[in-house]
Amino acid sequence: MGVNEYIDELCRLPSITGKDVVDLEKYAKLPRVQTYDSIKGFLEMARKAKEVRTLFVIAEWGEGKTSIYEGLLRNPEVIKSDLVIPISTKRLITHIKEKVGTFYDTGSIGIRFFANLLYTIKDIIDNDLMDTPPFDKIKIRPKEEGTATVLFIKNGLTSIFNTIPEESRVFLFIDEFEDIIDELSDIRSFVIGGLVEVINGYPRLLCEKGPFAGRLHLLIAVTPPAYEKLKAETFADWQRLFGQRAFEVKLEKLDRKSARDYILGILKYCWHGALPKIPFSEPGMFNTIYTATLGNPRSIVNLVEVLLGYAKSQAPLGKVKVINPEDFINVLSDKKITVYGGEVTLLDRTSLSALYGILERKCKEMKLEVDKCIDILHLLLSNLSPISIERVGEKARFEKKNVIWDYLRILSESFSELWRIDRPFIFFKRVVGEAEDVRLELTARGAPQNLPKVVDALEFYEFDHNRLSFRNVLFVPNQLLGELSFKDQTLFQNYVDFFTNFSPELGSEDITVLVDRYVFDKVEKSDEEYVMLSPAIINIFYPSPSIFFLDFVEDLDKRFEIGTKLMRSLTEFEKEFHSGIINLLQKCENIKVERHFEPYAYGKEAEVITLRYKEATQEHSLRACILPLLKTSEEDLRSKVDAAIRAMREAHIPLLMIFSWNPLPVEIKSVLETMLSLGMKERFGKVFYYLEFPLTFVQCQQVCGYAVAKERGYRVREEKWKARASRILDEIGFERRLGELIREGLKAGYTIRPLALKKLSLTNVPRLLRTLLITDGTIEERFKMLQEMEKDFRVYGEDFPICPLDIESESSFRMFIDELRDNELIEVKEGSLKTDPTPIERRILSIIKEYGGEVERDIINKFFISTSAQGQSPPSLDVYLDMLIERGQIESVHDRYRMIGLKELDDRLRTLKEEISEYKKRYAQFQYGYLVSIKRRDVNAIILRDCIEKIARIAEDLYRDRLVLDYDRRVKRQRLLELLANQLSRIIELVEEFHRIFLQNVDEMKGKIRALKRSLEACEESLNNLRLGFEGKRLKIKERMLIEEKERDVKELESKIYNREELVEFSLELQSKARSFDGLYREPRGCSIFDAKIIQMMDMYNDLNNIVENTRQALDKVQGLINDFVRLRRSFEGHELWSLNCENKLSSIIYNWIKQGIEITSR
Amino acid sequence: MESEEFVENLENLENSLRERIDTLNKIIGRLDRFTKIVRETNEKEGVFRKSVSKLESLNKKMLAYFDGSDVYGKIQEIEQEIHRVESEYGRKESSLREEIIKIEFDDELVNKHCEDIRQFLEEKEKLINDLIKRQGEILNKFVNDIKDELAITTRLINTLNRKIESSPKRDGLKETLASIWDRAKIIEDDLPLKAEDLGKIYEKYETEKRAELFKGLYRETRTKILSLRRELRKFAVENELIGRDEIAVLEAVYTIAHEIKKEKLELEFNKTLELLKEKIEASDEKLQNILLNLSRDGFLTLTLTIE
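Going down the list, the sequences are from chains A and B.
For what it's worth, this note's numbering labels the leading residue of the first sequence as 1, then goes sequentially.
For what it's worth, this note's numbering labels the leading residue of the second sequence as 1, then goes sequentially.
Okay, chain B solo, but in the shape it has when bound (with noise of 0.2 Å):
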């Protein structure tokens, strides 16, 4: 059965056609805009959420690190911080949905509430961002102390090392302390030196299933370097390497030369004095003996300047 036939000409069927043209036009360039705009604030979201993930999972593993460290209370600090961050997201997806559905499709304000997700977001980054830092700085502080120590021992090693080869148990004492060495490497191969790194040594132990001694690492490996540093001091004594006081002055005076940054510490006498005295309870004249006998035994130089 033929359908009824619809009588136009042609001129009208090309305005018919022009204005349908000109509407399809219109339609598909704000698809491209709310393409646009919908694309730039997801990507937005995204980071932002990515950011809170991040600051949340290190958290997590400081706070396991740094368990029963003084610093555990500034991590505890931050980890609160989070979760307000958390909070407040989901809220914001609550009220943002609840005022869709009370309002009418605009473009105007598909603008508007980009605008106020944007401005939200911002707002949170920057709060995440402050987190993140503070979190770095804690990390560098506690694990630079733990290097410093490693380091001084590693010196002292190093001092010895070349005192023994004067000594007639030559052979026994390298061996010795070539395993004192041994064991200041392990413990500096398992300090974090960026927030980074934290991941990857929890990684490991997880790995290596001994998670659980991850937590209150940091405590850990500082007792364990006291621990070398007794050790070395009672190896040089007992093989009459160095006197006792004479190695707690050689310790102050490297640990002074660290603090001060310095590999090679060339300090006025009297100055070296007046710090060693901060580090030692001990008088002047002991402690100019003690430094006059290092000098002699050529652990340091003492040097006399004439002016």
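Just chain A, same shape as in the assembly (with noise of 0.2 Å):
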């Protein structure tokens, strides 16, 4: 297309590296008035400060923050006499991590924060600026061993104020502060802390009436989210800070228009201002420029640096070869570039080369010239402005006017073989007049407020007639848009995407208002027709990183339509950002996440995102809800949060994930620590946290995208948009700071990792802790005190609730303590030991007291990250639940846990009091209550009567001392009361089991025995009424006066007390007779148990059972032979012989000399 042009060599190609910064500002200006004006007016005012003031300079990559040291703060003008020390923020990093321990004599992290950066200055001096006045007389000594820290910065700041004058002060300029964002957290909270520290005047050397107060401030380049994530780390500090002591200044962003001048002013550079003229040959060439780079300066940079390198190269010597369109495609195809923290690629090679193919088939068919074809193609791919068809045709060497139509319809037809765009093209006409003129003219007074913006958008540039420079020039539609929207609804949205492309803000409807009111109907037009590409074709060849990130929507139409619905309004697509962050999420290689819905109110749920995060050999579990957020309006952000946690806490969510379109306001952010913290008080931890994902513009539209793609059915490339996800997931730091997160909940008490126990099982984890709840000072004396205890109050084979577990020497009773520490739940100093509250359980305290101190396990169990490891047993909220019970903080009633206050404390002590009370009235005359217990040949006697005294007195002096106790002292010490009145209760129980037992059978046997004694008295009345003669006196059974002797000894057994000794000494023997008796002997875990005077009584009453036995078996024979005695006598009396009626003589002899004969013998 055309010939080749040359112009005069240039002189330099720009930097890329901002080096050369200086000179190229002398050309190249970025509108920079309002940023360095914000920046002198924090000059004068830090001048004036007696504290450190800081400045924070807000900007993107490769917007030129670094330029505001090079092209600003080294401007004599502006610095005058002090001193700018450019740092840079990894080598302040790097200092950090190697001089980590030498600054440990101070507390301050602002003092030791100072000083690894006085540190960094003195490695910047010595090795950067050694040569540099006034830095060359500066000597830094380093920190001598053993020195403190506040010395070695005194020292330091004095030998860099020593040499400049009194009246000067030193800016420190930190650039690149977001290299900390991926520092781990314990290097960023240190930095970010020692940062808030120094601002708030430590050391104070630098404020107050301090040696240097106000002669220290400090300018921080950062990008926004790194700015964002300060505040939001420092929220508290920040609200007191801002406004006060710290301050920001945001970079303007480049226009068409500076952008425009900007690349001129490059050029310039390029010839030491001296520009023979301009090396491009289509003046849209610059608005191509800033459309590929989105106005980025830095990328600018690159690509005009990359542009006239080609030039040079393809010109002779000493010429320098203009840009033409074919050059321009040439050059910038396939080039990839970073811009906003996404890299595209531009005039992607393998799309050209198809569209090549397909224009060359057709122009074949349409028996047009392919390479015409092509240049036209060219130019109006390196020529992002409306170009008038008349001008496209001489570009083309078109002898007919006319056929220019034929090509762009070729054009037109290949676009949408390829892409399905239907209508590549937009058309304007020139407004006649001179630009400035006519824009006076329409937004003069009473002109829509947004018109201006319209007008910008309308407005484009030509080269004056020398091409050394621009002259403006407006274009409009060339037809009305309101009509358009009737007749051609793509072509119609293709001019509204072109003004929203400018001016996101403006909607379809203000936009064919504003052009055809107060443009197209208010100016004179060109008959000529000017055309350009359509934003979508634009989009193909010099992707934004939106529409380039959407790469995973298959069709590219589908592609353009959604990048460019979203980039008009992505605020609309919350549902759409919602969905997507779901998916985005699930797309997580390491963290498996699922979604569902829990009702927690009436006709409420909530989503429940739940996180399986492996990590090497562990998995950690939470649950967590998401915000996601794309509206601006505070009002609108804060209703959301009030919502988001106000569901947290209803449906027991411990954590939100807030994923925003930039960061959140810090407004929004102190509603949400507000609301977060509220109700807690000191002795209680946070209970809801959240998590702060802002994601770019870029990652937004990725993310609603395939949200919209999906809904909408069109075809979606699944692995594409799982390596966008992957990308996005990395840049937003997910799975790192879910990792740090986990992390800091093992110190917050809100990971639960398993323990690793060896000698200890779950359940005596709490167990020991109560044994060490209970007593007090070294493991020997704790150990002491246990065996002391056990002498008085201990069962053999028995749970003994003092000390559940079976410690059987020093030595294990430590080894068990070791382990708890080993597992951080207590600590030992110098061999004392501590045994306050782990984190996880003040967390489960604070959970409990957020809600209303009584809350079911399952709904703590969902406060807590669970952390799992192959081999391991899972981790156990249980144990610390339980481990809450034994301190006396909770008590669980059906599954759920109460916190118990002291009210409840004295109540129980009363009721605890008052129960033994009752024990010593009950058993004062029990005369039974003999314990014991024997573990192998080892006898341990408890006499129920001393054990109730003794425990007597102790909830005696605890109810005297119980208001004059510190709190835990006195939980400690009613702990010990509780659990030794537990151990009563058992003791009792035994002892009353035993007791009945016995008494069943003595029952029995006094029934028997005052049965048999009824027997023998009667059987003794019977044979002394029968007078069966003996000898005249009154008949005894001897057995019963046997009875009677011993029911005498019985009760002298009865009435008899022993001492411990007594019963330890006799009990032994008493053992294997004990086993003999049914319910009256255990043997639980190999150990014997019985009550030892009840045995010897049963014993006792063993014997007088056989007696009785015996004696029943003979009265029984001897009552019945009194029966048949009775009953003989009985018929001998009644006989009939002695009633006979015996008239007769003969007979009558007969009979009574037989009646005489009987009664004789009879006698």
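Hints are not guaranteed to be accurate.
Derived lysine-lysine pairs resembling PhoX-like cross-links, with alpha carbons at most 25 Å apart [claimed, not checked]:
1) A:K565 - A:K401
2) A:K401 - A:K372
3) B:K141 - B:K112
4) A:K372 - A:K26
5) A:K565 - A:K710
6) A:K565 - A:K791
7) A:K1145 - B:K102
8) B:K185 - A:K1145
9) A:K1155 - B:K92
10) B:K92 - A:K1145
11) B:K74 - A:K1145
12) A:K1145 - B:K50
13) B:K141 - B:K54
14) A:K1155 - B:K36
15) A:K1155 - B:K54
16) A:K1145 - B:K126
17) A:K1155 - B:K26
18) B:K44 - A:K1145
19) A:K1117 - B:K26
20) B:K44 - A:K1155
Worth flagging that the hints you see were computed from the coordinates, not collected in a lab.
The structure displayed is predicted, hence computed values, not measured ones.
Using the supplied hints, reconstruct the complex from the two chains, each of which is provided in its own coordinate frame.
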């Protein structure tokens, strides 16, 4: 296309590192007026301040933060006699990492941080600025071992300030502060915390009446996300400091016109101001560069350098080739550039080749010249501004004007065939007259507020006559948009996209009205048609990062449709953003994300995200909810945050993950912080946490884009989306931050990891803690205390509530304690044990407190991150719940946990005291309760009355002291009392059980004895009455006397009182006897338990019973015989013989004789 | 004041009781045996005494009834036998009483004495039964004699009654004959058919305060019958119902028939004559004629049998 044109060779190419930014700035001015004014204002203010002042310079990568130092802060007029020391954040971090531990002599994080800063300054001065005055005179001596950090700082500052006038200040320019974002949380916390402390007035040398008060200030260059992060992490301090000691300034963005001037400036820089001619054949190329780079200065410099480099290489010696459309396309084809965090490929060669192929075929079909067609294509692609059809024809050297339309049609069909884009062109008419004049006219008073934006969009430029500068030109759409919206919706949409690309805040209706009524109708237009590629085509070849990143949408037209819609009105896609975020998270490789809905109140349900994070051999599981935020209105954000936190509370979700377009406003964070820590007192920690994941526009667009594409049923390349999603997750540091959250949870108590136990079981952990809680002193002292208590209260074979573990020796006790210590459940310092609640326990208390003092176990569990590892038992919340129960802080009622307050402690103590007192009364006259337990041959004897007496004394003492004891001490003593009371209950239970069975046996026996005695008496009476002849004496049965004698022995034993030593002495012998009595002997875990006196009594009763049994048998026989005897006697006495009627003489003689004879013989 | 105590264990008490029970059982066994033997002896003795009493009572009534009759002596003999039995019974009582006083009580002796008594009573019972039998035989024989006489009389009345039917004075004759029949019936009613009847007749007489009439009643009854027979013969003859000889032969024929205990007598003629001749002192011819007359008048039938 045309003849090659050459101009004089350039002197230099622009630097892409910004080193020669000062020189470049002489020609290529970035729109920095407001920025520079703000910085200058800050400098003035700082000079008058008596404390450290800080200015955050906020800009995206490549927007020229660094150039602030080179372009402004090195300017003597600006900086005057002050000293600016540039500091790289990376270098600072290196020093922090290396010097860790050097400044431990002070607890002030601000002083430690400043000491590290001073070391970094020393490093920079010693190495980078050693020859630069006045740095060459500064000699900062390293900190000597043993000296105070603050002295090192004082000496260092002295050496700096000694080199500059007394009224001069030192400004530290800390560049690329965003580098801290990639650091581990401890480094990040240190830097941010230290920085806040420095701003806050530490070291004191720099403020108040310190020697260097007001003489050192900070300028910190930082990207927006890092800045937001900093603000979020220092929320409270930030609220206080911002506006007083800390300030911010945001760099201005380039618009189309300032970009044009910037590029022109670069070109002038390259020719040392003597630019012979602009080395681009088309003025629209400037807009193409702007469009391709999205106005990022560093990328603009980069592209210009590449283009000029090519132009130089393609020209004869001493010349530079003027870049024509073909060169432009050749150079930038497949060129990758990084803009706003995203890498894009310009003029994708594959797409171009495909297009060339179709054009070739179609041209052949149409019998048109393919080269000319491609020339037109190149012209349109390299020149993103309206070009007159006539000029296109000239450039393509068409003899007939009209033939141009054939070529444009072929192009159009090809675009359509390849990308299904039916309207690849938009058409304009040129506004007649001077652009400036027309603009003034159009935007005169009374014009709509947004009209200048529309006019800006329509304003392009063309070379002036000598091609050394530009002349502004205004265009209008070639037809009324209102009409077009009815006739050709696609084309109408192209115009809308054209305007919204320029000003995203404009809506389609606004555009139509503004363009038609306030521009189209009011200007005089040329007849000539101007053509330009539509935004859809531009986006194919110069994809904005956003469109580029939507490459997972398979169909290009759909991709563009989604991209532009999102670009125009991202905030309207909140629903899609929500589902997109869920999908995004589900693409995380190491984190399994499950989404489900839980009802939490009448008719309400909460979306709960379960995250299972696999990290090496561990897996963490946590519950969270997500809050995707696209809207920017503070009111809207506030209401959403408010609703989310309420749902979190009610649905028991501990973590809120906020995914927002750009970092959250400080005010919203303040609302978050306030609401999440609402009601938390000092003793309790936070229950709810949040993680903020600010997303860039590009990231939001991809997330929404995926959701929209799926929603609309467009074809999606899942593997590409997966790659994009992974990238976004990496960029927002999702996995990293989640990991950090989990790790921080170990300290904060919301992450539960499995306990590494070898000697102890999980259930034994709280049990051992119980023992430690109620004993004092060193391990040795505690062990002795245990032994004492065992002697007094332990029943072998039974659990011993004071010491549920079977601790056989002091060494095993120590071994168990070591295991608790190793699991950070207790602390051992210089031999003494600290048994303070663990962070997890404190969190449990916070949760219970949050829910009104009583809550179910499952709910508590929902608030923890559970970490499990292969080969380890799963982490158990129950251990910690049981530990809290052991501490007397909570109690469990039917799987619910309830906090115990002082009043309850008092009530319980009172009840306990009354209970013990009741025991005391009940067992005062009790003749049993000599409980003996034997383990192997070791006898432990508990005398119930003595036991009650001891515990009663403890209860009385505690009741007396309760008001003067501190809470912990009080709980500890009461816990001991409660455990002893428990043990007492158990002892009583055993004693009562033995006694009850004993009484059952004895009652039965007593009944037998009583009955037998009565029978014996009756028998005696019978025999006496029968007068069988006992020598005239009263008969007494011998067995009755024997039984009465035994009864007297039993009574004597019953009233006998033993002491412990006596019990121990004879109990071993009783053991075998005890075994024979059902229900009066227990043998748990191989130990024997019985009531010694009861066994003795039973033994005696057994003897008595034998006597009774034998007597009963004998008596039964005797009684039977007595009955027989009586019966026979009655038969004898009533015999019929005695009453026979014997009237006949002979018989009567015989009868009387017999009667007399019997009477005589029966006597 | 408490009495002194006697301590004994149950085992000893048991043994003691067992012994006492054994003794008692034995005594009761003896009582049972004694009861049985006394009861049996008494019953036997009672039967004996009843028999004697009954025998004696009947004998006294027979003495009164048959007073004046030929048999009176035999009855007196029986009376003497009864007195003898009673005397022996009295002696037995005396001897037993004396003996018992002499000896010591002993179960075996009880048995022996009871056995003696039993034998004594059995012996006497046999005797008494004999006497009773003799009384019965006496009573039967003499009462039957009267009964036979009465039967011939009533037969004769019946024969005459049939004969009157053809008489012109039939009504008057019948009346007379009926009066004779009635008196024969009164006699028949007062006859003791067995021993018990004698007691009843005695009581009847006693009740009717005519006990003195009982004495010799047997002889009186025989007289009455003979008187009736004479009146009847006279009536027949006087009213020409039959001749004097004829009626005598007819009476003799009826007596013979009664003696041979046949209601309808069918005798060979010669034999008849022979028997009649024992009763009546008449010749054969007369007797033959009378028989023929009787046959002709229809008082008997003479049958000729050809061999």
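The hints, checked one at a time:
1. A:K565 - A:K401: Given pair K565 (chain A), K401 (chain A) is violated - Cα atoms ~37 Å apart, limit 25 Å.
2. A:K401 - A:K372: Holds: K401 (chain A) and K372 (chain A) sit about 13 Å apart, inside 25 Å.
3. B:K141 - B:K112: 44 Å, violated
4. A:K372 - A:K26: Not satisfied, since the Cα-Cα distance of roughly 41 Å exceeds 25 Å.
5. A:K565 - A:K710: Satisfied, since the Cα-Cα distance of roughly 15 Å is no more than 25 Å.
6. A:K565 - A:K791: Roughly 82 Å between the alpha carbons, so the hint for K565 (chain A) and K791 (chain A) is violated.
7. A:K1145 - B:K102: 18 Å, holds
8. B:K185 - A:K1145: 48 Å, violated
9. A:K1155 - B:K92: Holds, at roughly 21 Å.
10. B:K92 - A:K1145: Between K92 (chain B) and K1145 (chain A) the Cα gap is close to 10 Å, so the pair holds against 25 Å.
11. B:K74 - A:K1145: 31 Å, violated
12. A:K1145 - B:K50: 13 Å, holds
13. B:K141 - B:K54: 21 Å, holds
14. A:K1155 - B:K36: 13 Å, holds
15. A:K1155 - B:K54: Violated, because 32 Å separates the two Cα atoms, which is more than 25 Å.
16. A:K1145 - B:K126: Holds: K1145 (chain A) and K126 (chain B) sit about 20 Å apart, inside 25 Å.
17. A:K1155 - B:K26: 16 Å, holds
18. B:K44 - A:K1145: Within the cut-off at roughly 12 Å; holds.
19. A:K1117 - B:K26: 21 Å, holds
20. B:K44 - A:K1155: 20 Å, holds
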